[in-house]
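K.L.:
Take the two lone chains, each set in its own frame, and fit them into one complex as the hints suggest.
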Amino acid sequence: MRKNGRSREPDRLREPTANGADEPASEAALDADELVVRYPSADDPVIDGETLAVPEGEVTALIGPNGSGKSTLLKGLANRLEPDEGRVLLDGRRVDSFGSKELARRIGRLSQRNTAPETISVEELIERGRYPHRGFFESRTADDDEAVDDAVEMAGVGHLRDREVGTLSGGQAQLVWIAMALAQDTDVLLLDEPTTFLDPRHQLEVMRVVETLRDESDATVVVVLHDISQAARYADNVVALKAGSIRAAGPPEAVVTDDLLADVFDIDAEVIQTEHGPVVVPLDPTDGDHPSRTEGTDCS
Amino acid sequence: MAELFDRLADRRAAANRWYADSTLAGVALGSLAVLVGATLLQVSFGAFPLTLGEAWGAVFDPEVLFSFQAWRAFLLGGDLPEWFTQQQHIVWNIRLPRILVGALVGANLAVSGAIFQIITRNELASPYILGVSDGAGLVVLVVLTAFSELLPFVPVLAALGGGVAFLLVYVIAWKNGTSPVRLVLAGVIVGTVFGSVQRALFFFIDDLSTVMSAQAWLSGSLLNTDWGEVRIALPFTVVALALAFVVTKELDVLALGEETADSLGMPVEKMRFAVAGIAVLSTAAAIAVAGLIGFVGLIVPHMVRNVVGGDSRRLLLGCLFLGPALLVGADVGARLALNPIQLPVGIITGLVGGPYFLYLMRKSENLGDV
Numbered sequence: 001m002r003k004n005g006r007s008r009e010p011d012r013l014r015e016p017t018a019n020g021a022d023e024p025a026s027e028a029a030l031d032a033d034e035l036v037v038r039y040p041s042a043d044d045p046v047i048d049g050e051t052l053a054v055p056e057g058e059v060t061a062l063i064g065p066n067g068s069g070k071s072t073l074l075k076g077l078a079n080r081l082e083p084d085e086g087r088v089l090l091d092g093r094r095v096d097s098f099g100s101k102e103l104a105r106r107i108g109r110l111s112q113r114n115t116a117p118e119t120i121s122v123e124e125l126i127e128r129g130r131y132p133h134r135g136f137f138e139s140r141t142a143d144d145d146e147a148v149d150d151a152v153e154m155a156g157v158g159h160l161r162d163r164e165v166g167t168l169s170g171g172q173a174q175l176v177w178i179a180m181a182l183a184q185d186t187d188v189l190l191l192d193e194p195t196t197f198l199d200p201r202h203q204l205e206v207m208r209v210v211e212t213l214r215d216e217s218d219a220t221v222v223v224v225l226h227d228i229s230q231a232a233r234y235a236d237n238v239v240a241l242k243a244g245s246i247r248a249a250g251p252p253e254a255v256v257t258d259d260l261l262a263d264v265f266d267i268d269a270e271v272i273q274t275e276h277g278p279v280v281v282p283l284d285p286t287d288g289d290h291p292s293r294t295e296g297t298d299c300s
Numbered sequence: 001m002a003e004l005f006d007r008l009a010d011r012r013a014a015a016n017r018w019y020a021d022s023t024l025a026g027v028a029l030g031s032l033a034v035l036v037g038a039t040l041l042q043v044s045f046g047a048f049p050l051t052l053g054e055a056w057g058a059v060f061d062p063e064v065l066f067s068f069q070a071w072r073a074f075l076l077g078g079d080l081p082e083w084f085t086q087q088q089h090i091v092w093n094i095r096l097p098r099i100l101v102g103a104l105v106g107a108n109l110a111v112s113g114a115i116f117q118i119i120t121r122n123e124l125a126s127p128y129i130l131g132v133s134d135g136a137g138l139v140v141l142v143v144l145t146a147f148s149e150l151l152p153f154v155p156v157l158a159a160l161g162g163g164v165a166f167l168l169v170y171v172i173a174w175k176n177g178t179s180p181v182r183l184v185l186a187g188v189i190v191g192t193v194f195g196s197v198q199r200a201l202f203f204f205i206d207d208l209s210t211v212m213s214a215q216a217w218l219s220g221s222l223l224n225t226d227w228g229e230v231r232i233a234l235p236f237t238v239v240a241l242a243l244a245f246v247v248t249k250e251l252d253v254l255a256l257g258e259e260t261a262d263s264l265g266m267p268v269e270k271m272r273f274a275v276a277g278i279a280v281l282s283t284a285a286a287i288a289v290a291g292l293i294g295f296v297g298l299i300v301p302h303m304v305r306n307v308v309g310g311d312s313r314r315l316l317l318g319c320l321f322l323g324p325a326l327l328v329g330a331d332v333g334a335r336l337a338l339n340p341i342q343l344p345v346g347i348i349t350g351l352v353g354g355p356y357f358l359y360l361m362r363k364s365e366n367l368g369d370v
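Note that the protein sequences, when read in sequence, are chains S and U. For the first sequence, position 96 matches number 96 in UniProt numbering, and the numbering has no gaps at all. For the second sequence, position 292 matches number 292 in UniProt numbering, and the numbering has no gaps at all.
Pulled out of the complex, with its shape left as it was, chain U reads as follows (with noise of 0.2 angstroms):
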C-alpha cells in the first residue's frame, strides 16, 4: 500500500514537473512567435517597403545567413561584401541590427530586472533601483552640455557612470553590512540627488537638438542603432548572462532572507555584492546602446513569475525569451504607430507597463512580495 503511494506521489511530482517544463515552453514559444512577427513587420514597413514573404526571404536569405565575409562585416565591423543588393543592404544592415539590439538589451533588462528583484526581496524593484540609471544618466547630460568631444564615447562612458552610482549606493547603504531595505533607500537617496542635478544641467544646453537627443537617451531609444551597437551590446551580454544562469542556485537561496541564506552557509553580503555586479553588468551593456528604456525589467520578470514560478533559473530563462519579445515588439509600435515619426520605444513600454500594473493592483491583494 505504501509502495502504492509512493508511485502516485512520484507520477503526481512527475506531471508537475512536466507542467511547470511545459509552462516555460509555452513562455519560450509564445516569445518566439512574437519576435519573430515584430522582426517580419520591422523588417516589411518602412521608407523601402517589402511584402511580407520578400522579408522572410531576406531575413531567412541563405545567400547572406552562410556568408562568412558577412558576418565578419556584422561582428567584427570590417567591409560590407560588395555582392550585397539593395535590398539586402537594407534588410541586413539597417533594419536587422536594430531587432537584434532590441533583442539584447530585453534580454538583459528582463533577467537583470529579475535578479535586481531577487536581490531587494520586492516584486516592484526594476534594474534602475539602485542607482544604476541615475549615474548613467547624469553622465550623458555632463557629456553633452561639457565635454561634447567625447560624444562618441558616451555608450560606455553612461555604463561607467551607471557602475559607480551602484557602488556609491552600497558605500551609503553599508553600516555593518547592508540589508535589501538599506539598498533600496540609499538607492533613491542617489537617484534624488543625481536626478535634481542631471535635471538642473538641462538648463545650461543652448541647442534644441541637443536637448531632443538628451531626451530621446533618457526614455530609452533604438533609432539609429546599427551592428556598431551589437558589437558593444553582445559581448557584456553573453559575458553578464552567462554568468547570471551561474549563480540561479545562489539567487534561490538569497531569495529565502539573509537569516536562512546565513544558516545555509552562504557568506550573504559577498554573495549579494557579487549578484548585483552581474545585474548591473548586465543593465549598463543594455544602457550603453539604448538608453534608459523603463518598465522592461520590472514588468517581463513580474509576468513571467506569475507564469513559470519563483524558481530563478525557469524565471530567468523566461526572461531570456520573454524580455526581447515585449521590446522588439514595443519597438515596431514605436517605429511604425506614428510613421513617420518614431517615438522612443521607452515611451512604448512605459504606455503598455502602466495598464498591466493597473490590472495587477486590481486583481491580487498582495502585491509587493516576492
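Pulled out of the complex, with its shape left as it was, chain S reads as follows (with noise of 0.2 angstroms):
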C-alpha cells in the first residue's frame, strides 16, 4: 500500500471491443505455474495443475460457484497451503522461501469468516495488523501508529475507533477487518468473498476501498466475489473457475459474457452492458434439456 501519489484513469468504462488490450501487459505480481493445491485430509487436489499470473498493481477478481477451488486457490497463492506441485513466484521469488513474517510483510490475506475477541477495541484489533512489522521485544513505534491512521482513513472507520469489536455490526466489522489487513501493508492484498452477507451500502464501502487501492497506491489485490456484476465493474482482470481449474481469464469484458456464464456457472443469463460495466441479470439455472443450453457445457 505505499502510496505513490500516482492515480490511474478514475474511469472504468472501456468500450467492450478494446478488451483491454490498450494496456500495456503488465508484469505480474504473483504469478502461479502448474500449481497443485490439495486439503492436508482430502485425497483428491481441489486445485490440478492451474497456471495463474496476477498483474502488479491491478485488481483481479476470482469468480466461479461455491466449491470451485477460489479460497483455495487464495490459500495456495498465499502458501498457506503448501502446493503439491508447481510453485508461486512473488517478484520472482519463491512464496515458500520466505520467512512467514517476511510473507506476511508483502501478502496480505482476509480470510471469510472473522471471529475477534469482542471485548478488544477497533483500533486494537486494527493495530494487530502490524504484528509482522515488529520483532520479538518491540512495541508500538511512530510507523505503526502511522500505518494505523491510514488504514483507519482508508477503510474509513475513524467513527469506529474506539468501540468494542463486539457492539459492530456484520457490515461495520468487515471494514474493520479489512482496516486491520490495509494496516499489514502488504504489496499484495487477498480477500476472500469481501462482501458476501453484506447488505448494499456495505458492500459498496467495501469495494471503495478495492477502488482506492487500485487508484491510489500501488497494491496488488485478489478479491473472491459471488457478484459478477460487482467482479466486472471493479476488477481489472477476472479469473473464472470450475472445479478447481480457471476456465478463463482476461478483462471483464471478455471474461463475463453469456457463454461463459453458462459453462461456469451453468446458468441461463443476459449480460447488459451499462454505464457502469456489464450487469449480469441471472435467469435460469440450465439443465440437460433447457433449449438455451449452450454447447460444450460441462453440466455435472
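None of these hints come from the bench; they were simulated from the model. Predicted model only: the values in this text are computed from it and were never measured. Just so it is clear, CB atoms sit at the ideal spot from N, CA and C, and this is done for glycine as well. It is possible that part of the hints are untrue.
Claimed, not checked - Partial pick of chain U residues on the chain S-facing surface, computed with a CB cut under 10 angstroms:
{"#": "1", "residue": "S213"}
{"#": "2", "residue": "G257"}
{"#": "3", "residue": "L264"}
{"#": "4", "residue": "R305"}
{"#": "5", "residue": "G310"}
{"#": "6", "residue": "D311"}
To be verified - Distance condition first, Cα-Cα at most 16 angstroms in a straight line; then the derived EDC-like pairs of lysine to aspartate or glutamate:
{"#": "7", "chain 1": "U", "residue 1": "K270", "chain 2": "U", "residue 2": "E259"}
{"#": "8", "chain 1": "S", "residue 1": "K101", "chain 2": "U", "residue 2": "E259"}
{"#": "9", "chain 1": "U", "residue 1": "K270", "chain 2": "U", "residue 2": "E258"}
{"#": "10", "chain 1": "S", "residue 1": "K101", "chain 2": "U", "residue 2": "E269"}
{"#": "11", "chain 1": "S", "residue 1": "K101", "chain 2": "S", "residue 2": "D43"}
{"#": "12", "chain 1": "U", "residue 1": "K175", "chain 2": "S", "residue 2": "D43"}
{"#": "13", "chain 1": "S", "residue 1": "K101", "chain 2": "U", "residue 2": "E250"}
{"#": "14", "chain 1": "U", "residue 1": "K270", "chain 2": "U", "residue 2": "E250"}
{"#": "15", "chain 1": "S", "residue 1": "K101", "chain 2": "U", "residue 2": "E258"}
{"#": "16", "chain 1": "U", "residue 1": "K175", "chain 2": "U", "residue 2": "E269"}
{"#": "17", "chain 1": "S", "residue 1": "K101", "chain 2": "S", "residue 2": "E146"}
P.N.:
Next comes the structure, spelled out in C-alpha cells:
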C-alpha cells in the first residue's frame, strides 16, 4: 500500500471491443505455475495444475460457483496451503522461500469468516495487523501509528475507532477487518469474499476501499467475489474458476459473457452493458434439456 | 476543520486509553486492598489471637522485614534467627507463608487460565482444560496407593504428571496440526480416562487418613503450607509469569483465530504449543504446592476481561492482581468459617464460582465466546 500519489484513470469504462488490449501487459506480482493444491485431509487436489499470473498493481477478481476452488487458490497463492506440485512466485521469488513474518509483510490475506475477541477495541484489532512488522520484544512504533491511521482512514472507520468489536454490525466489522489487513501494509492483498453477507451500502464501502487501493497505490489486489456484476465493475481482470480449473481469465468485458456464465455457473444469464460496466441478470439455471443450453457446457 | 477533528479524535483516544488504564488501576488497587485485608484477618485470627493493630505491626515489623538472616531462612531454607519472639514466629513462619503461597497460586491459576482461554478461544476454559489436573491427580493417587515412600516428592511428581498428560493431549489432538476444538476434545478424553483410573484407585486405599489427605489434595488446600512451599513455587512462578508477559503480543494475535494469525505471519502451531507450555508450567507450579484448586483459573480471567477488556497485556496484569486477592480471600473463609475445622480452599472457590456463573448466565446472552 505504498502510496505514490500516482492516480490512474478513474474512469473504468472501456469499450467491450477494446478488451483491455490498449493497456500494456503489466508485470505479474504473483505468478502461479502448474499449481496443485490439496487439503491435508483430502486425497484429491482441489486445484490441479493451474497457471495464473496476477498483474501487479491491478485488481483481479476470482469468480466461480461454490466449491470451485476460489478460496483454495487464494490459500495456495498465500502459501497458507503448501502446494503438492508447481510453485508460486512473488516478484520472481518462490513464496515458500520467505520466512513467515517476511511473507506476511508482502502478502496480506483476509479470510472469509473472522471472529475477534468481543472485548477489544476497534483500534486494538487494527493494530494487530502490525504484528509481522514487529520484532519479538518491540512495542508500538511511530510507523505503526502511521500505518494504523492510514488504514483507518482508507477503510473509513474513524468513527468506530474506540468502539468494542463485539458491538459492531456485520458490515462495520468487515470494514474494520479490512482496515486490519490494510495496516499490515503489504504489496499484495488477497480478500476472500469480502462483500458476501453484507448489505448493499457496506458492499459498496468495501469495494470503494478496493477501488482506492487500485487508484491510489501500487497494491495488487486479488478478491474473491460472488457478485459477478461487482467483479465486472471493479476488477481489471476477472478469473473464472469451475471445479478447480481456470476456465477463463482476462479483462471483464472478455470474460463476463453469456457463454461463459452458462459454462462456469450453469446459468442462463443476460449480460447487459451499462454505463456502470456489464451487469449480469441471471435468468434460469441451465439443465440438460433446457433449450438455451449452450454447446460444450459442463453440466454435471 | 479537519485538523480540529483530528485533535478531537486524539483527545477521545487519549481519554479512552486513560479510562482503560484507570479501570486496570482500579482492579489492581481493589485487589491489593482485599489482599491486605485478608492478610490482616489471617494473621490475627487463630489459636494465638492478635488484635488487628498487633497483626499490622507484626506484618510490617521492620526488625524482620529488613533482616537478611530472616529472609535467607525463609527463601533458602536456613535456620531461623534466634531472636525471633513467639509472636514473630507465629506470624512470620506459620501464618504469612500460607498467605504468600495463596498469592502465588492465585496469580498462577489466574494467568494460566487467561492464557488457556485465549488458546482455546473459549471463555469457559480453565487451566485444567488440557489434562494437566487429571495427570497430576492420577500421579498423586498412584503415589498414595503404591509408592508411599515417594510421598515427600508428591509436589514435583504431580507437576510432572500434569505436564505428561498435557503432552498426551497434544499427541491425541494432533492430525496435520491441531485446532482449539480438537485440543479441548482431547483434554476431555484424557480427563475421562485418567479420572476413572484415579477414582478406581481410591478403592485400594485401606487407611482413612490417606483417603482424607488424597481428597484434600484433589480439592486443593493451603493447609500446612510453609516457606518450603514458597521455595518450590516461587522460581517457577517467576519464570512462567515473566514468559507470559513476554508473549502478550503473540496472545493478542492468537486470539484472532488461526487463519488470521497465519496470514499475519505467525507459525500458529509452534506458538500455540509454546504458549500452552508456559501456561502448563504456571499451572504445575500452583498444583505442586496447593493441589487442584478449582474455579480461580476460570472466573478470575473472566471477571478481569469484563472490566478491563480483552487486550492480553491488561488482561494478564489484572489477573496478576485479582487472582491472589480472590484466592487469599477465599482461604480466609476456608480457615475461619467453620473454625476449628479447616476446609480445603478449593471448596470455597467453588462455592464462590458457581453463583458468579449463575449471575453471568442470567445477565448475558452469548456466554462462551472470548
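K.L.:
Hint compliance check: list the failing hint numbers for this structure, sorted ascending.
P.N.:
Violated hints: 1, 11 and 17; rest satisfied.
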